[in-house]
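S.K.: Full structure from sequences and hints, please.
So the protein lines, in turn, are chains A and B. Position one of the first sequence corresponds to residue 27 (this note's numbering), numbered consecutively onward. Position one of the second sequence corresponds to residue 10 (this note's numbering), numbered consecutively onward.
Keep in mind that the hints were calculated from the coordinates and are not lab data. Hints should not be assumed to be uniformly reliable.
[As the list claims (entries may be wrong)] With the Cβ distance kept under 7 Å, some of the chain A side facing chain B (calculated, not the full set):
(1) S28
(2) T30
(3) P85
(4) P88
(5) G89
(6) W90
(7) A136
(8) P139
(9) L140
(10) L143
(11) T144
(12) P146
(13) E147
(14) D148
[As the list claims (entries may be wrong)] Quick list of the computed label-pair ranges, beta carbon to beta carbon:
(15) B:P267 - A:L168: 57 to 63 Å
(16) B:A324 - A:L98: 36 to 42 Å
(17) A:T216 - B:A87: 55 to 61 Å
(18) A:R183 - B:R90: 50 to 56 Å
(19) A:A106 - B:A324: 44 to 50 Å
(20) A:L56 - B:A324: 52 to 58 Å
(21) B:R90 - A:L98: 28 to 34 Å
For each residue, glycine too, the CB sits at the ideal point set by N, CA and C.
Chain by chain, the residues run as shown.
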Amino acid sequence: MSYTLRGRLETRLAAALAPFLVAAALSPILHVWWPLELVGVMLAIGLALDVALYHRLLPYQPGWAALPLGLLELGLTMAAARALELNAPLWPAVALFAGSWLVLQVLAHAGLPLLRLTWPEDGGELGRTGRVISATAPAALLVIVGTAWAVEPPTVRLAAGVHQGPLVLDHAQTVIGRPGTVIRGGILITADDVTVRDLTVRGGEYGIEVDGAESVELEDVVVEGAELDGINVRRGQVEIRDCMIRSLPAAFTQGIDISFGFDLKPSLVERCTVVGGLEGIVTHFAKVMIRDNHVSNTELRAITMTEMSMGSIEDNEVDGALGVGIFCGDFSHCEIEDNAVSDVEPDHESGDRTRLGVAIQAHYGAEAELQGNEILRSPGGVAAYVDATIDHE
Amino acid sequence: MTARVAIVGSGLGGFVAYATLRHSGLEPAEIAVLGVDPDPAGAWRPRAEAIRQKLMRSESNGHCWPTSFPGFAAREAARRRDLAPLLLSVCDRYRPTVDAFLHHVDELRARSRWDESFRHARVERVLAAGDGFELDGHGSFRHVLLAPGHPGLARPPALEHDPRAVHAYEPHEYAARVTVVGAGMAAATEWLNALDAGAEVVSVRRREPARRALNVARPLFTKRGLGPFHATDRGARAALLRRFGEPSYPPGRTWDAPLAAAAREGRFRIEPELNGMDQVICATGFRRGFEHDRLLARLVAEHGLETEEGWIVLADDSTVPALTDRKRTLSLAGAPAQWAYPAADTLVGMKYAARRFARRVTMCPTR
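M.R.: Okay, here's the thing in structure tokens:
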């Protein structure tokens, strides 16, 4: 195809309509603005390349060129998204870009030639429709993306070094640290739509406390030396990824505690490492997915789902727990799958016969469904007590 | 229903225009096709057979369907459940076979109800009259598209009466020693044909042929190249058209390897002049210029149309400016329309004229 410059621009703008509408629909559903902003950046880069590069270098553009040009635009778009701090997660962003690219290809090779007979020989120009699109689309895009930019939660970047806490986050925002950023005295989150990323929290009663807040994301955080819980969530909804909880000093300290949010959207704990403490990850009356974590050297239980909680415990690695490895208790419903539990030691000192090195335990009316778990060197094996049931699938 | 739209010429140019008009919503009864052969490929088929053509020079979009998509590649991919045709197409390496092309013409002929509109008539005069055109006693029409095809085969004057000479587009076999005059697509095809038949081949040419995939450079198929082309003055445009008409054939090993092998064996060589070979094949294409076509020559003479070096001066949309207004249209398609579209004698070029003609017809308030 030999595009005219106008044809390139009009075709690109027309093809951007579908991804723009998808992004406009996604943003309010996901409570994030990055899809809209990403489509805006993608379009701006595409239009700039059309004007500055493609039109000059490609008097004829063979079909196969769409692939390398698409990869070039993908690279530039991702770099721009990073530079502009759009907070777009990598793979969803790539997927959105790929979908938009596909729409452009389908439109250019099939849709537009069918909709407008003279589109191929007009060099991609869309006639009167194209002029309307050209006149209105950039303005509409600027208004919507500008609005998104203006109203999205601000991003606060913390420098490396020690910042005296406690840090209170009482409105939507993104707090991002750098290597060496330390908050001393804990973080308290009381507002929805808060993201905390890439920092270390040292000390405090709770390392990070989430109180009544939803859509909270904690990513790549390290919590050290919290007095009660490493991360404590009450009446909240969180997604915790890639965290490290360690150096828990007191006998009653817990790694991650998510409680009393059963009526909220499920929370997630993923790819975290918890070392020591009374319980590693514990839920009370909450819906939680606990997966791909490593919990070790706990004093009471490694992973606990109790008090009418509901959720899944999948692909976790538990070792060196005292008494009980994974616990599903008090009328909770637990799907326990593909976990590796090893070296759970009997707790003779407690005098409790339910704590004699049980790898997976259901207790007091709880219902546990087990599948694909691997248990090593745990003398109590799998056990159910007090009207609890275990189904092996 | 009385036909208000006429297509003069029942070859591929007329057929493409007909399919486009049908796609635009016209019924067969609204269109009159005036020609001498009801088979749209009637003139093209024997020429392809004569040069033993197996593959089209055109690519996936070289077809008669009114929409560019789906072309041959997409249809073949869907039929065979195989992505290979599409991959070849995006790499500009897909060529439909002649058989597939002819089958598609037959199929579209039936589906478009072409035969319902066909009238056996030889039109030699088009006369502007009132808000339309009188077609040589075959009726009056507001909108007329002329697709008369090429005005006959071109032969070098020195070979007009030479008994050894045959035109490439006429049926022929190959002698033991063959001279091929010309250097375009037909000539290149004939070099390989004659070599395949075991002949010794001499290529006589005035200039080295250009090597390009299609008849003209790709940007000239779209507004990208047409814009500057349309912006040239008449003298410059005629010079460009002369240059575009110089011989060319596609690049690639398919052509080069057999010629190189034959040259090493002493069976293929290039010479500037005719020699004493047994057979002379004139791969010299077609006559050029409206004056060789009786209908067009008369049209120009009777209406005082503007011309330039054998081309009728057309508007950018392939209409004749002096005879086209809000209520009537006279368009040219095929080779005579090169003033508007340099590749007018290709299938894509025929669609260029057809689509603009169809737009004028459907938008005309008095259609």
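S.K.: Which hints from the list above does the structure break, by number from lowest to highest?
M.R.: none
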